[in-house]
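Enquirer: Sequence:
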Amino acid sequence: MAKKKIYLSCPTMHGEEQEFIQEAFDTNWVAPLGPNVNAFEKEIADYVGISHASALSAGTAAIHLALKILGITQGDIVFVPTLTFSASCNPVIYEQATPVFVDSERDTWNMDPEALKRAFEKYPDVKAVIVVHLYGTPAKLDEIMEICSAHHVPVIEDAAESLGSIYKGKHTGTFGEIGIYSFNGNKIITTSGGGMLVAEKEEYTKKATFLATQARDAARHYQHSSIGYNYRMSNIVAGIGRGQLLHLEEHKAIKKDIYRQYGEAFKDIPEITLNPLNQDGDANCWLTCMTIAPGCGVTPNQVMDVLEEENIESRPIWKPMHLQPVFEEYDFITVNGSKKENGELASVAEDIFDRGLCLPSDIKNTPEDMELIIKTVRKCFGK
Numbered sequence: 005m006a007k008k009k010i011y012l013s014c015p016t017m018h019g020e021e022q023e024f025i026q027e028a029f030d031t032n033w034v035a036p037l038g039p040n041v042n043a044f045e046k047e048i049a050d051y052v053g054i055s056h057a058s059a060l061s062a063g064t065a066a067i068h069l070a071l072k073i074l075g076i077t078q079g080d081i082v083f084v085p086t087l088t089f090s091a092s093c094n095p096v097i098y099e100q101a102t103p104v105f106v107d108s109e110r111d112t113w114n115m116d117p118e119a120l121k122r123a124f125e126k127y128p129d130v131k132a133v134i135v136v137h138l139y140g141t142p143a144k145l146d147e148i149m150e151i152c153s154a155h156h157v158p159v160i161e162d163a164a165e166s167l168g169s170i171y172k173g174k175h176t177g178t179f180g181e182i183g184i185y186s187f188n189g190n191k192i193i194t195t196s197g198g199g200m201l202v203a204e205k206e207e208y209t210k211k212a213t214f215l216a217t218q219a220r221d222a223a224r225h226y227q228h229s230s231i232g233y234n235y236r237m238s239n240i241v242a243g244i245g246r247g248q249l250l251h252l253e254e255h256k257a258i259k260k261d262i263y264r265q266y267g268e269a270f271k272d273i274p275e276i277t278l279n280p281l282n283q284d285g286d287a288n289c290w291l292t293c294m295t296i297a298p299g300c301g302v303t304p305n306q307v308m309d310v311l312e313e314e315n316i317e318s319r320p321i322w323k324p325m326h327l328q329p330v331f332e333e334y335d336f337i338t339v340n341g342s343k344k345e346n347g348e349l350a351s352v353a354e355d356i357f358d359r360g361l362c363l364p365s366d367i368k369n370t371p372e373d374m375e376l377i378i379k380t381v382r383k384c385f386g387k
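Numbering (this note's numbering), first residue to last: 5 to 387.
These are calculated hints, taken from the structure and not from any lab test.
Hints may be right or wrong, so weigh each one.
[To be verified] In silico PhoX-like cross-links for lysine-lysine, where the CA-CA straight-line distance does not exceed 20 Å:
id, residue 1, residue 2
1, 368, 7
2, 72, 210
3, 46, 271
4, 379, 9
5, 72, 205
6, 387, 271
Based on the provided sequences and hints, a complete structural model is requested.
Expert: The following block contains the structure:
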């Protein structure tokens, strides 16, 4: 008999999603726009406490449009954390701009403010900074925003993984000039695929919506004065999102409890350390990750292999962007210096990648599932 599949993180539906979808069918609003889109934008904006939102086809599309709105163009430099998913920086290349990758710090695994300062010293003409809240843990926003403000450089907040996370009483995604969220299938809530761009300035979300609907001018005939994109969220997809949003706090509570359970289960194994949480924030704990102490005889690949034997899904930590073949020509900044100056540098991000893995964090995990996962990991360390 095949072993039950235990997933890393997959969609959890509740029923209300279908009600919103059925309403769209009943009223024939199955076209790209409709009442669910407008309502989902307002509900997300209200939830995170920001003025305006534009519902889009993906978080990647939201980052792309954020760059367009801020005027990023060919040759412009954009700082991006190296420890992230490629969707954080691919849009920089779409605009033929130049990414410069910034190392992580150990307290949250996010962009290191000290490395960011060094990046500004080397590239004072940078045009934007993209900040990512890795695995749902808020970055050190006070320091990062202060540095960027001192240089008069706008911040795009990639909160794709951190919807529902709080930093000093305020939602991630609402600190920067523009924030983005993702509703991909593995996120804390999903629309099957989709994203959202949020901003305090209405002109930003209006421009995002305009560009996302093929940049059609306000004319009776089809007229276009700008290049546009087919990036708008559909009314059906938005209906799923509205149903999911009703359960976001519930999902967050379960994710946080999964993190707690792993912490309790591994506290007697000094070789295991969970991904750190920002003490000034309240993380949504989208994924619980762990690092393994060097030289202990156990590697992340060995743990993932043993989990796979039990049909349990796990994943490596994101491979740093400066190590990706497609980005090898671009500079990388650590507190120790720059790749362009010193060649390949050892970094915090590389160390986390080398020693880390993502643990199953699905909110549908039963107590029996969690017991099996924990037992399997402990076995790797002779426990």
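Enquirer: Does each hint hold? Answer for all of them.
Expert: A quick look at each hint next to the structure:
1. 368 with 7: holds (16 Å)
2. 72 with 210: Between residue 72 and residue 210 the Cα gap is close to 13 Å, so the pair holds against 20 Å.
3. 46 with 271: violated (42 Å)
4. 379 with 9: It holds: about 16 Å lies between the C-alpha atoms, which stays within 20 Å.
5. 72 with 205: holds (15 Å)
6. 387 with 271: Answer holds: residue 387 to residue 271 is near 12 Å, not above 20 Å.
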